Structure formats: C-alpha cells, structure tokens
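Trainee: If you want the building blocks of each chain, they are given just below.
2 protein chains.
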Amino acid sequence: MKDVISVGLLGLGTVGSGVVHLIDNHQDKLKHQVGCNVKITKILVSQLEKKRDVQTNGSRLTINPDDILEDSEIDVVIEVMGGIESAREHVLKALRNHKHVVTANKDLMALHGKELLQAAAENGCDLFYEASVAAGIPILRSLTEGLSSDRITKMMGIVNGTTNYILTKMSQEGRGYDEVLKEAQELGFAEADPTSDVEGLDAARKIAILGTLGFSMHIDLDDVSVSGISSVTAEDLEYCRQLGYTMKLVGIASRTEDKAEVSVEPVLLPDAHPLASVHNEFNAIYVYGEAVGETMFYGPGAGKLPTATAVVSDLVEVLKNMRLDVNGNSAVIPQFVKKLKTEDEVFAKYFLRIHAKDKPGTFAALTTLFSELEISLEKILQLPLKNSGLAEIIIVTHKAAKSDYKNVLRQLDLLEEVVDVKSSYRVEGDER
Amino acid sequence: MKDVISVGLLGLGTVGSGVVHLIDNHQDKLKHQVGCNVKITKILVSQLEKKRDVQTNGSRLTINPDDILEDSEIDVVIEVMGGIESAREHVLKALRNHKHVVTANKDLMALHGKELLQAAAENGCDLFYEASVAAGIPILRSLTEGLSSDRITKMMGIVNGTTNYILTKMSQEGRGYDEVLKEAQELGFAEADPTSDVEGLDAARKIAILGTLGFSMHIDLDDVSVSGISSVTAEDLEYCRQLGYTMKLVGIASRTEDKAEVSVEPVLLPDAHPLASVHNEFNAIYVYGEAVGETMFYGPGAGKLPTATAVVSDLVEVLKNMRLDVNGNSAVIPQFVKKLKTEDEVFAKYFLRIHAKDKPGTFAALTTLFSELEISLEKILQLPLKNSGLAEIIIVTHKAAKSDYKNVLRQLDLLEEVVDVKSSYRVEGDER
Chain F
-17 MKDVISVGLL
-7 GLGTVGSGVV
3 HLIDNHQDKL
13 KHQVGCNVKI
23 TKILVSQLEK
33 KRDVQTNGSR
43 LTINPDDILE
53 DSEIDVVIEV
63 MGGIESAREH
73 VLKALRNHKH
83 VVTANKDLMA
93 LHGKELLQAA
103 AENGCDLFYE
113 ASVAAGIPIL
123 RSLTEGLSSD
133 RITKMMGIVN
143 GTTNYILTKM
153 SQEGRGYDEV
163 LKEAQELGFA
173 EADPTSDVEG
183 LDAARKIAIL
193 GTLGFSMHID
203 LDDVSVSGIS
213 SVTAEDLEYC
223 RQLGYTMKLV
233 GIASRTEDKA
243 EVSVEPVLLP
253 DAHPLASVHN
263 EFNAIYVYGE
273 AVGETMFYGP
283 GAGKLPTATA
293 VVSDLVEVLK
303 NMRLDVNGNS
313 AVIPQFVKKL
323 KTEDEVFAKY
333 FLRIHAKDKP
343 GTFAALTTLF
353 SELEISLEKI
363 LQLPLKNSGL
373 AEIIIVTHKA
383 AKSDYKNVLR
393 QLDLLEEVVD
403 VKSSYRVEGD
413 ER
Chain L
-17 MKDVISVGLL
-7 GLGTVGSGVV
3 HLIDNHQDKL
13 KHQVGCNVKI
23 TKILVSQLEK
33 KRDVQTNGSR
43 LTINPDDILE
53 DSEIDVVIEV
63 MGGIESAREH
73 VLKALRNHKH
83 VVTANKDLMA
93 LHGKELLQAA
103 AENGCDLFYE
113 ASVAAGIPIL
123 RSLTEGLSSD
133 RITKMMGIVN
143 GTTNYILTKM
153 SQEGRGYDEV
163 LKEAQELGFA
173 EADPTSDVEG
183 LDAARKIAIL
193 GTLGFSMHID
203 LDDVSVSGIS
213 SVTAEDLEYC
223 RQLGYTMKLV
233 GIASRTEDKA
243 EVSVEPVLLP
253 DAHPLASVHN
263 EFNAIYVYGE
273 AVGETMFYGP
283 GAGKLPTATA
293 VVSDLVEVLK
303 NMRLDVNGNS
313 AVIPQFVKKL
323 KTEDEVFAKY
333 FLRIHAKDKP
343 GTFAALTTLF
353 SELEISLEKI
363 LQLPLKNSGL
373 AEIIIVTHKA
383 AKSDYKNVLR
393 QLDLLEEVVD
403 VKSSYRVEGD
413 ER
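Each protein sequence line maps, in turn, to chains F and L. Once you know that position 137 of the first sequence is 119 in our numbering, the rest is easy, because the numbers rise by one and skip nothing. Once you know that position 260 of the second sequence is 242 in our numbering, the rest is easy, because the numbers rise by one and skip nothing.
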C-alpha cells in the first residue's frame, strides 16, 4: 500500500469544507487507524475564483471533473456535490476507472443506488454512503453489521430535521404551520423552497435506502407512499396532546412474512415511545428486530461536521479495505425479491378528526358506519364547537386494513351528518 | 473457504441457547451473508445429563473443554460460559490454537481484554466482544467504525438494566429502594445478590471497555471511580423531580485534551436530556463527538436473544473476514498512553441535600462556606422540616473541581449549623 493515499473531492460546499477540515485535523488519528497518510489532492468546484472559508491546503481546485476521474494517482473519490445527473455520471466514471467512492448523496442512492452498487461490484470497488441517511448516526452500518444476524421487521425513522423542527415548535408552542415554517426558514432550518422536506420527499428517499438495507430487498422510491406535514394544524396537535400522542413525520418500513410496506407520513406516537422525545432538528431511527427487540439510534441528521464525520468514517473503511486488499466485497446483493403489501394487507390504527352536526343521531350514524365496515373504535371524544351548531369528534380506531379505512373515509364524506373530515393520521407504537 | 464452518460453543445457559436458536433459524440468511453454512458442532456444558429447553441439533455436548479447544476442525469458538478465570484460560487456548473467538463476557474483557486482544493479534485471530456492553446495541462497532473519524470527548452510558429499572420505579412511583429492589428480584430484573449491579461494579466494567475504545487509551477497571444506588432515597428523587432532574446510574467517560476521567455514579440529568427518558431495564449510550455532536444509542442491555444477536453478528464478521482471509486485523492498539485527570481537573455540578438547624444564620453560614471555597451556587431551596426544628436545604452548585467540592463536604460536616449531609449527587447534561 502507498505511503500517501490521494483523494479527489467532488464539491466544496458545506459538507465538502467539513471533509477537508476533518481530514486535515485528524491526520494523526487517520494514520494510526489506516497506517498511511491521506491527502485530498484535487477538488472539483463550480467556480475557481470564489471567496471560501476553507483552507484547501495545497489541494488543486479544478472545474474539470476529468482532472479527478481520470487521474490515475487518485484512489478514492468523495462525492459531496449533490444533485443527481452529474453526480451519477461522475460516480459511474470513477467506479469504472477503479476508484472507490464515498458519497453523501441520498437522492443519488435512492434513485440510482442499484445501478451504482452493481458498477462498484463489477469493478471491485467500494461504494459507501453512510452520510446519505441521518448523517451523524451510523445507522447503515448498524443495520448491515451490528444487527446483521437479526431479522428486522420494522423501522420507523425521523429522518428529516426540518419537519421535526417544525412539528416540535408547533407542538410545544401551540403555533400554526405557516408561522413556524417562516421562522424555520429565517433560522436556516428550512429551505426557501421547503417542498422536498415538508411534503416528505426527502424522508422518502431515506426510508427507501433504509428499507433496502434493513429488509435486504430492493425498495424503489416509487414504492414509498408519501404524505407531508403542510396541512397539519395547531388544533390537530392540541388533540394529539390531549390523547397522549406526539406527532412526528415518520418514514415507516415494515414487513410481515415476505411482504413489505414503506411509507412516509405524519404519525401519532404515544408520548412514552422513544421516538416521541426526539425533538427539534434531531433525527432518530427506531429499529425493531425479532431477536433484539427495540433499539433506537439518535443524533444529528444533517450539518457540516456530522455529515463530514460519516463521510470520513466511510473513507477510513475504504482505506482499511485497501490495506487488506479486500475492496468491493461490502455491497451485499439483496437476498429477497421485492414483494409489497397491498392496501388490504397494511394494518394500522388511525386518528380521525371530524366536524359533524351537533344533533341527536350524529354519533349513532358514525358508529354504525364504522361497525358496518367492521372497524372497531378505541377512543371517541366529542366536544361542541362554540356558536356553530357543530361538534368536534375525534376518533381513534383499533387496527384496520388501510383499504377498509379508506373506504370509511369515502363513506364519511357521503354521510349527511358529517360536515367536514378535518384530518386523519396513522397511529403507531401503541402496541409496545 | 470450507463449505461448512464449524463453531464450538462454550456454555449452554441462557445466552448459549439463544445463540443455538439464532444460528439454527437463520441458516439461509447466514449463508447469503457469508457464502457458507455454519454449524455448531460441539458445546461445552457443565453437566451432560440435564433437562434442557434447547434443541442442540446434532451438536455433541461435552464436559471437556479440550474437545473444542483442541479440535482442529473447529474454526471459531463462542464463549458464553461467563466467569473469569476458566473463561480466560479457554479463550487464550483457543486463540493460541488459531481459533477466532467471540465472547459476551464483560468481566473477562474489562479485566483481561488487553492480554486477550494481544494474544488474538499475535495469532492472527479475531476476538470480538460486541455483546459484552449493552447487548442489543451495536455500540462498540459504532465507536470504532461509524464514529471512527471523530474525536469523542464524552460518553455517558446507562449500561445496567437492573439499576435503571429500580431508579425508574422509585422515581415514577415514589417508592423506597428496598421495596423496589425486592420487587425487581421477584420479577427477575435483579439477582438474589444484587451487589454487582446496585453498587455499580457491573457498569464500571462496561464503561472501562467503552472508555478504552472511545478514547483509544487503555482504561483499567481500577481507573473507574465507582458508587452505586443503594443509598438513594425516595426523598432524593422527589427533590430531583421538583428541580427538573431525572436520576440515572451513569457510567461517565470524559476527556479534556489528553486526560481522561472515568466514573460510575448516580447522576442527575435534566428531564429533557435524551438519557433521561430511557426507562425501566433499557440501556442507552450517549456519545458526544467534537464533529458529530450529540448521538445516542438505545436498546435492550441484556436478555437471551438481544445478547445472542450481538454474538451472532460478531460471528458473521469473523466469517466474512475468513472469506476474505483478513482475520486478526480488527483489534486496534490504543493510540494514546493513558493519562487520568486528578480530582482538581474533574469539573462538575453537584446536587446537595442537607438537614440544618432552622434558625437565623444557618443560611448565611452555608453560603459563606461555599463562597470561601470559591464554589458558586446555581439553585438553593430551603424548606422547614415539620416538628423537628430543622430545615431541608437543597443546593445545586455551578461547576466546581471535584477536589474543591469534597473539601466543601468535609467542612460542612464541621459546621455547627449542619446536622446531616443527607445526599450528594453529580449533575450532568445541563450545558446542552
């Protein structure tokens, strides 16, 4: 093995700067761990002339990706440029040129992971992506190594910091969605265009990656049923609180026998559930294994240094593999052919909030409907809505098939007594 | 690599039975992961003729350890017999006979880890022990791999399920230590002789292992300052609650620059700290890294199948290494020479509960003492103790050197106004 390993860095934004910082500051530790020096020799940037905070310590900046991808001195490429198409091309080219790749790019891995991991295997290269899900939490390693001997049946992840921040503030301070979103944008916890976060798309990419690894079954992004938090109201959260629930945007991947179900949606969790006390921008992944039972992994889901830590830990793994000459053995081809549950195989409890006419017979009409459709009810709360002639009715069902529950929602809309179905959320974690 | 790997099992108690169960039930998964079949061929037991729940599926039972340790067909030895001296001898012999070893034995690793890891390295063997700390939580791997590029500065672990169960019940139900201990013993959460758990010795072994790995510095069991929970009272917990703290028995390993401090003691944590909501028999390890910030790993700390999961995951790692022919490379020799903080270099906040004479001047005498010894106070609460002429005084200090604080405790005993120092606990996590 060489005395100095040359690394090419694609991207010098927030995470890229963090990677430069960590590698520079941890030379002694890296050398102790892997037995050689590590140097970032070239960095791909979009503009050469730009004021930067980061010391690039002699690395050459370039705007031409081939300066890195075609450089035979470079053994490892770190992709932290983001985006999808260019990143995909660069990573493929790097792998074909027998360079190992570390990426922090969840979009890339959720959409093209299968192709890229295959290219890595074909070229005897490592492709690691720990930073792509819940940056500061070593969850991918825990799934593939620490819990490798168990059969994981459920994962629930708070994997988007923006939405967790928004829901935390709304819950704790009784404030509305728009107001809190605006504040989050001002504080840098939400993007100017928050769509990808608040509509659950970002979380969907992460749960697709988790599902694929945890269930050893290739989960596509299209397999994830997605809904976001933009229609959650302060009233919803207040009723959750009264019933002892905390709302979180949760990526759920669960399986029964050989069939899986993957979704992202706002979920009510009992206050005592470990995920319920994960606040603000923090992430956590709850993993249930048949043998191990309940585990949870908690930490920062984003940020310059947490993400860079995951990237550099992957780099250390690549370097250790280089020392032992065993790169390209880590990617495990999924053991199972994907089978997804249909909606009549997905069972959950639901929280439902309805405005109905406040008159005799309303309650009976509702309960009759649920009973006809064979969904039994666990909790019912009815309150008069002042000066409106309406009643607020909150229902928590027992477990029901998703198809049956959707049927109830359709029928409710037709009931003369029901004025409006205000909101409806899945309830999880009650069976603990 | 052979088609079938033969494993010898030392011990067929609870964990051993779990290991047999997992290996039998996960043959397909194991074969998919490591490309060969795995079979437990021999099992060391103390009595051949004994009724057992577990199917040993054709494995030969033996009472002679050499039937396993000297069997050239056996490649891997799993030590789940417990105890220290025999386990040490068997593991050493296995390693010298070039067998890889997986152990769940924290006592063994805390006391003899250095010697055993060295023997493993000398013989080109793997020695893995993930199950020895917080069984169901893959924390050792997370420290050595997932967070490998970071500089960990603090670990706080709830690593003993018995004491966490007792403190949880005492806190939630306002009950006394003796009563809850008795109940825990009846429910199987505490041993008939609970000393090792309640006096913190079990936790001390685990934090020594965590400190060694997290700080890359050999921490001996003797380096751990230990106190347990047997003198904690319901009153202490009630005052904690009033001040917004939750008490946990915490193994603390922290370092500043190149010096470390390791202890096990009852610690007050703010209710919002992630460790504060780890209840009952669950374990969790909070890790603070300079780059990653706060992370926490939560799960079951003991139990047949959680422990067996960790053991079999280690076995999978051994088998993968065998396939790649790279065993014996995992143990990293500590990077640093151990330096421990002296008591004047250990800084913490403290909670102190005193019974003092309820008369003018008492309060002034106390505050003068603290101010003379240059310890400033963050919170003070004084309440009359009915019909006693005494006052209950609760003090929470700002950060102080441990040596200064111990000096205060000595001086308090001499103060004419102070009748009794009822209790004193370290406070952590307030600076979050």
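Everything labelled a hint here was simulated from the structure, so no lab data went into it. A few of these clues could be false.
If several chains are the same, the list does not tell them apart, and a pair holds so long as it fits within one copy or across any two.
[To be verified] Quick list of in silico lysine to aspartate or glutamate cross-link-like pairs, EDC-like style, CA-CA up to 16 Å:
1. K323 to E276
2. K286 to E276
3. K404 to E165
4. K11 to D240
5. K381 to E327
6. K96 to E356
7. K361 to D160
8. K339 to E217
9. K11 to E272
10. K361 to D412
11. K361 to D49
Predicted, not measured: the structure shown is a model, and the values here were computed from it.
Trainee: Could you run down the list of hints and mark each one as holding or not?
Mentor: Here is what the structure says about each hint:
no.	hint	result
1	K323 to E276	neither (23 Å within a copy, 37 Å between copies)
2	K286 to E276	between (30 Å within a copy, 14 Å between copies)
3	K404 to E165	neither (25 Å within a copy, 47 Å between copies)
4	K11 to D240	between (44 Å within a copy, 13 Å between copies)
5	K381 to E327	within (11 Å within a copy, 56 Å between copies)
6	K96 to E356	neither (41 Å within a copy, 63 Å between copies)
7	K361 to D160	neither (30 Å within a copy, 39 Å between copies)
8	K339 to E217	neither (19 Å within a copy, 52 Å between copies)
9	K11 to E272	between (37 Å within a copy, 14 Å between copies)
10	K361 to D412	within (13 Å within a copy, 39 Å between copies)
11	K361 to D49	neither (64 Å within a copy, 61 Å between copies)
The structure shown violates the earlier hints numbered 1, 3, 6, 7, 8 and 11.
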